[in-house]
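Those protein sequences? They're chains A and B, same order as listed.
Whatever position you read off the first sequence (first residue = 1), add 2 for my numbering.
Whatever position you read off the second sequence (first residue = 1), add 2 for my numbering.
Derived by calculation from the structure, the hints in this document are not laboratory data.
Every value quoted in this text rests on a predicted model; they were computed, and no experiment measured them.
Be careful, since some hints might not be right.
[To be verified] Derived lysine-lysine pairs resembling DSS-like cross-links, with alpha carbons at most 25 Å apart:
1) A:K176 - B:K209
2) A:K205 - B:K182
3) A:K194 - B:K53
4) B:K205 - A:K176
5) B:K11 - A:K11
6) B:K176 - A:K209
7) A:K94 - B:K53
8) A:K205 - B:K176
9) A:K182 - B:K94
10) B:K94 - A:K53
11) A:K205 - B:K194
There are 2 protein chains.
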Amino acid sequence: MGYLEEPLKHYTDMLASGAPAPGGGSAAALVGALGAALNNMVANFTVGREKFAAVEADVQRLLARSEELRAALERLTQADTEAYGAVAAAQKMPRETEGQKAARTAAVQAALKAAEEVPREAVRAAYAVLEVAAELVGKGNPNLITDVGVAAKFGVAALECAALNVEINLAYIKDEAYNKAVRQEMAPMLEKGPGLGAEIWAKVIDKVRG
Amino acid sequence: MGYLEEPLKHYTDMLASGAPAPGGGSAAALVGALGAALNNMVANFTVGREKFAAVEADVQRLLARSEELRAALERLTQADTEAYGAVAAAQKMPRETEGQKAARTAAVQAALKAAEEVPREAVRAAYAVLEVAAELVGKGNPNLITDVGVAAKFGVAALECAALNVEINLAYIKDEAYNKAVRQEMAPMLEKGPGLGAEIWAKVIDKVRG
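Build out the structure end to end from the sequences listed, making use of the hints.
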């Protein structure tokens, strides 16, 4: 059983509590999943309607894509709560002898690398949520235009918060080449994502103001 | 039974579905609740520790405040899914005679006003989440600095998305004096909120980069 199968209130209670997990990394993935779900909702109110027949194939593709992203981000919401455990376990390894110290350091470093992969995957998925919203703002049912706007804001928040959770892991990873490669992968998404979100938002505001 | 008592996966499934509720307004309140919960987590890792004795009273106050805000935003997550029902019911009233048309219009307008109060309350609570995060960034346990950053991003996203959901209601409300008063109430929060969020975020980034 994971958090997705338990009451929503249990998740928020645990997030608020003095337990180390779930924390901001898991919550960032969840906000990405909520953004993906809103894209889905917009697509569901668009497909199969004669009025939007011209974009049917595109919106069917966006529907499938956002379902995929939602599933990934829901999985990461749970995975982030588990990644912390491996780091904590490695930190508890004995460090009395030099050999133990070396083994512990290697285990902590490996666990940190595995842990940062979870929010990094959320960064990619959150960016993809923004790409879907960028298409839906023009092609989706205009009655749901505010939901596309909310999806865009959630996508940006998830992107930046997941990246922050990658960064805090990198602060403890001693492998500079590894850290550089991770930052290089994220850089274009962090550079373009907020602007993409702002463009979508501006189009939404235009339509809301009529 | 409401969404808070049902599995988290049920909420995201319903958000993604072709059902009219929950939608972006409810999800905005939920993201605000997640931000409040993260403030809470930070406060829970700060109170009662000798190291942070100097700020104990302040953080106790912030803990109580963010619990209050989380409860309010969780309530609004559910309330927003119900507000839509009253508008839809009013829209289904008969409109054959002039008298029926007038009664229907009055009922729809009243329901729209009641419906916009839900996201407007979320706007206030989300702004308050930012105020709490602004204090915690300096007073909270620095080991949880990224969680304050995430709370700030969620607070801004919740604020702007809840306000968008107020605006889309106002677009259908014919009472210009009412709309003006609503916009006047929100304006200072929408003006200051994103800047406050950006200030908190900048402090978090500074600390993460050491």
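Outcome of the hint check:
1. The suggested pairing of K176 of chain A with K209 of chain B holds, with an alpha-carbon distance near 18 Å, which does not exceed 25 Å.
2. At roughly 23 Å between alpha-carbon atoms, K205 of chain A and K182 of chain B fall within 25 Å of each other, so this suggested pair holds.
3. With a C-alpha separation of about 41 Å, the suggested pair K194 of chain A and K53 of chain B falls outside the 25 Å cut-off, and the hint is violated.
4. At roughly 24 Å between alpha-carbon atoms, K205 of chain B and K176 of chain A fall within 25 Å of each other, so this suggested pair holds.
5. Pair hint K11 of chain B plus K11 of chain A holds up; C-alpha atoms about 12 Å apart against a cutoff of 25 Å.
6. The hinted pair formed by K176 of chain B and K209 of chain A meets the criterion: a straight-line CA distance of about 18 Å does not exceed 25 Å.
7. Simply put, K94 of chain A and K53 of chain B have alpha-carbon atoms about 23 Å apart, close enough for the 25 Å limit, and the pair holds.
8. Taking the CA atoms of K205 of chain A and K176 of chain B, the gap is about 24 Å. The hint holds against a cut of 25 Å.
9. Restraint check for K182 of chain A and K94 of chain B: not satisfied, since their Cα atoms lie roughly 59 Å apart, outside the 25 Å limit.
10. Note on K94 of chain B and K53 of chain A: the hinted pairing holds, with a Cα-Cα distance of about 23 Å set against a maximum of 25 Å.
11. Distance restraint check for K205 of chain A and K194 of chain B: the Cα-Cα separation of roughly 22 Å lies within the 25 Å cut-off, and the hinted pair is therefore satisfied.
Hints 3 and 9 from the list above are not met by this structure, while the remaining hints are.
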